[in-house]
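With the hints as extra help, turn the sequences into a complete structure.
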Amino acid sequence: MPRDEIQRLFSPSIKAIYEQVVRPIKRLKPSEFEYLTMMGLIIWKCENTELNSNFVEKAKTELLESLHNYFINEKKLFVTPKD
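With positions in the sequence shown counted from 1, the corresponding number in my numbering is that position plus 392.
Each statement offered as a hint is correct.
Computed beta-carbon distance windows for the label pairs:
| # | residue 1 | residue 2 | range |
| --- | --- | --- | --- |
| 1 | 419 | 451 | 25 to 31 Å |
| 2 | 414 | 465 | 24 to 30 Å |
| 3 | 472 | 425 | 21 to 27 Å |
| 4 | 428 | 469 | 15 to 21 Å |
| 5 | 399 | 465 | 45 to 51 Å |
| 6 | 449 | 410 | 30 to 36 Å |
| 7 | 402 | 434 | 17 to 23 Å |
| 8 | 394 | 461 | 47 to 53 Å |
Think about it this way: if two alpha-carbon atoms lie no more than 25 Å apart in a straight line, the pair counts; the simulated BS3-like pairs of lysine-lysine are:
| # | residue 1 | residue 2 |
| --- | --- | --- |
| 9 | 418 | 437 |
| 10 | 418 | 468 |
| 11 | 418 | 407 |
| 12 | 437 | 450 |
| 13 | 418 | 467 |
| 14 | 468 | 452 |
| 15 | 421 | 468 |
None of these hints come from the bench; they were simulated from the model. Positions of the beta carbon are idealized from the N, C-alpha and C atoms, including for glycine.
What follows is the structure in structure tokens.
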């Protein structure tokens, strides 16, 4: 298939992905840890697969718990006020 034909076919999809995924993520300016957590959650979004759903849920839960701990311990967010 000629290169220009490939570009014609895939260009709309690439532009849509950039506008709907890449640009919003860039605006958020996530840290490397936050970005990798998002990618991990995307990887473990396993609908219609043979993977054990308990295993998938455990992996996602561990990712989210790590993110929670990161926000509390590294970013110092969600700190409870002192009485």
